[in-house]
Amino acid sequence: MKAILSALVFLLAAPLDAAAGSFTPLAGCTGWLTVQARACRVSNYYKCTQDAPGDQWRADFDQEGLFFASRIDSEAQWVESIDMSPMVRQTLDPNPEDPASFSELLTGLDTFAFNLSRDNGEQSRVRGFDRLTGRSIMIDGVTLLETQFEYNETDASGTSLRRSRGNEYVHPDWRLFFAGPSEWDGGDGFVPLDGSPLQFVFPGEPGFFSTEPLYECDAVLSNYTPKVPYGH
Amino acid sequence: MEDMPIEIERIRDSEKLRAWRHVGYSKRLVLCFSGLGKNQSQPPGYEFASIATGGGADHVLYIADPNRSWLNEPGFLEETLDLIKETMADIGAEQVVALGHSMGGFSACVIPYFIPVDYVLALSPQVSIHPEVVPDDGRWMQHRESVDDIEIVDVGSYLEDRTQYVVVFGRHGREAPQRSRFPNPDNLTLFVMPQTNHNTAARLKSLGLLTDLRDAVFDGDLETAKALMMEGARAHILEEDPNATPAEAPSK
Numbered sequence: 001m002k003a004i005l006s007a008l009v010f011l012l013a014a015p016l017d018a019a020a021g022s023f024t025p026l027a028g029c030t031g032w033l034t035v036q037a038r039a040c041r042v043s044n045y046y047k048c049t050q051d052a053p054g055d056q057w058r059a060d061f062d063q064e065g066l067f068f069a070s071r072i073d074s075e076a077q078w079v080e081s082i083d084m085s086p087m088v089r090q091t092l093d094p095n096p097e098d099p100a101s102f103s104e105l106l107t108g109l110d111t112f113a114f115n116l117s118r119d120n121g122e123q124s125r126v127r128g129f130d131r132l133t134g135r136s137i138m139i140d141g142v143t144l145l146e147t148q149f150e151y152n153e154t155d156a157s158g159t160s161l162r163r164s165r166g167n168e169y170v171h172p173d174w175r176l177f178f179a180g181p182s183e184w185d186g187g188d189g190f191v192p193l194d195g196s197p198l199q200f201v202f203p204g205e206p207g208f209f210s211t212e213p214l215y216e217c218d219a220v221l222s223n224y225t226p227k228v229p230y231g232h
Numbered sequence: 001m002e003d004m005p006i007e008i009e010r011i012r013d014s015e016k017l018r019a020w021r022h023v024g025y026s027k028r029l030v031l032c033f034s035g036l037g038k039n040q041s042q043p044p045g046y047e048f049a050s051i052a053t054g055g056g057a058d059h060v061l062y063i064a065d066p067n068r069s070w071l072n073e074p075g076f077l078e079e080t081l082d083l084i085k086e087t088m089a090d091i092g093a094e095q096v097v098a099l100g101h102s103m104g105g106f107s108a109c110v111i112p113y114f115i116p117v118d119y120v121l122a123l124s125p126q127v128s129i130h131p132e133v134v135p136d137d138g139r140w141m142q143h144r145e146s147v148d149d150i151e152i153v154d155v156g157s158y159l160e161d162r163t164q165y166v167v168v169f170g171r172h173g174r175e176a177p178q179r180s181r182f183p184n185p186d187n188l189t190l191f192v193m194p195q196t197n198h199n200t201a202a203r204l205k206s207l208g209l210l211t212d213l214r215d216a217v218f219d220g221d222l223e224t225a226k227a228l229m230m231e232g233a234r235a236h237i238l239e240e241d242p243n244a245t246p247a248e249a250p251s252k
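Those sequence lines, one after another, are chains A and B. So in the working numbering, spot 82 of the first sequence is number 82, and the numbers just go up one at a time. So in the working numbering, spot 165 of the second sequence is number 165, and the numbers just go up one at a time.
Since the hints were made in silico from the structure, they are not lab data. Just so it is clear, CB atoms sit at the ideal spot from N, CA and C, and this is done for glycine as well. One should not assume that every hint holds.
[Said to hold, decoys possible] Label-pair restraints from in silico Cβ distances:
no., chain 1, residue 1, chain 2, residue 2, range
1, A, R127, B, I115, 54 to 60 Å
2, A, F202, B, I115, 50 to 56 Å
3, B, L81, A, G28, 55 to 61 Å
4, B, G220, A, P181, 31 to 37 Å
5, B, Q42, A, S103, 47 to 53 Å
[As the list claims (entries may be wrong)] Covered stretches of chain B, going by a simulated chain A footprint (3 or more residues, C-beta under 8 Å):
no., segment
6, 172-181
7, 199-205
[Said to hold, decoys possible] According to the in silico footprint, chain B covers these stretches of chain A (three or more CB under 8 Å from chain B):
no., segment
8, 78-85
9, 182-188
Can you make the complete structure from the sequences, with help from the hints?
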């Protein structure tokens with residue numbers, strides 16, 4: 001509980017600091033990575049001594065500030081997450097049928113089946129898999145392994161709430177997933193998404209723990225597509 | 001396809017109004033209003049660049065408010081209207097349309113009250129910046145609080161029956177304070193895009209829909225606009241209950 005409260009205090013304090021363009025973790029928490037990604041998102045990663053060894057937090061910011069945070073464990077299980085608008089906390093139910101396992105994924109394939117509970121009363125079940133494709137990619141000097149994934153999240157009656165499929169990236173040593181080109185379906189059909197990382201920033205480097213996303217944010221859209229002129 | 005340069009000329013750069021112009025060859029004038037801009041230490045520049053021009057064909061006035069006042073800076077609206085009228089006369093405009101994102105979308109929705117506009121495409125517009133209208137929206141406060149006197153309080157008071165509006169919002173919960181209060185008369189079609197927050201313009205562009213949507217809206221082809229949004233972006237049309245939107249799963 002202490003860790004949760006600390007994390008929440010931190011997250012609630014973050015938007016104040018975000019106005020200045022960066023934030024500083026609370027005592028006991030140490031930032032170690034900032035990722036500037038496509039789709040106008042910057043994620044800051046930090047670890048807290050109050051948490052279990054291997055746990056990691058990620059706080060996501062867009063142009064309007066903090067909108068999402070999550071904590072994963074050493075197996076990249078989605079232990080808890082907090083959506084800010086409106087604030088809803090989601091936690092992993094105990095004793096999952098098939099726990100997500102980063103270690104298993106690194107051997108090639110990991111299937112998972114677990115339940116989630118939200119403090120707004122919603123409960124759901126998630127089933128899916130992550131698989132290494134055998135390909136790797138270097139982004140901003142960091143080598144990542146590509147994965148293929150698919151999951152379906154259903155309610156208690158088995159009705160699909162949302163599903164997604166596509167590719168992600170993992171860093172074996174950091175034990176982290178990063179978004180990649182994928183599709184998401186909230187009930188109206190799949191829509192493409194791509195929140196791939198573009199820049200990795202480490203402590204001491206300019207932009208570390210920035211709250212300002214840099215890529216794909218503006219309406220200053222300048223591509224030019226020639227076409228048949230009006231009236232011709 | 002090979003990129004071709006679009007000529008955009010700066011025609012105003014005062015403390016009250018920044019404006020640029022693209023000279024096209026159609027009889028359509030596009031009023032392209034800027035949002036707050038990414039660099040808060042600099043006055044906003046023009047937005048949508050070549051997309052606003054419809055492949056270079058349409059005349060465009062790019063209009064930016066250096067005071068970021070949502071049309072409330074004394075003199076800004078008057079200067080803007082004068083400039084629009086001058087340009088309309090200069091090109092013999094037969095059609096005027098408006099485009100904008102965020103604060104620019106707000107301006108695009110309000111401007112038809114002051115000058116005849118046929119079609120509006122507004123992306124993530126504010127319905128209001130007034131704290132009594134949107135008390136639960138804490139965004140852009142640095143700029144909202146610097147507007148001394150909010151005379152243009154809400155979009156709903158300025159909508160015109162003769163104008164067709166297409167408004168696009170993201171489904172993210174943070175957009176709810178603006179989205180849920182946006183007026184929804186018969187001549188306004190309000191789309192809600194999944195997996196999208198305030199970045200509707202960039203998201204539409206990444207989906208390859210922005211240019212076609214702009215063309216469909218400004219051609220008055222609402223059916224094509226609907227098809228683009230619903231099939232291409234999996235958006236839905238907000239009918240009556242603005243909060244009847246399913247929850248979204250954040251990424252892993």
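Comparing the hints with the structure gives:
no. : hint                        : in the structure
1   : A:R127 / B:I115: 54 to 60 Å : holds, 56 Å
2   : A:F202 / B:I115: 50 to 56 Å : holds, 52 Å
3   : B:L81 / A:G28: 55 to 61 Å   : holds, 57 Å
4   : B:G220 / A:P181: 31 to 37 Å : holds, 35 Å
5   : B:Q42 / A:S103: 47 to 53 Å  : holds, 49 Å
6   : 172-181                     : holds (count 4)
7   : 199-205                     : holds (count 5)
8   : 78-85                       : holds (count 5)
9   : 182-188                     : holds (count 5)
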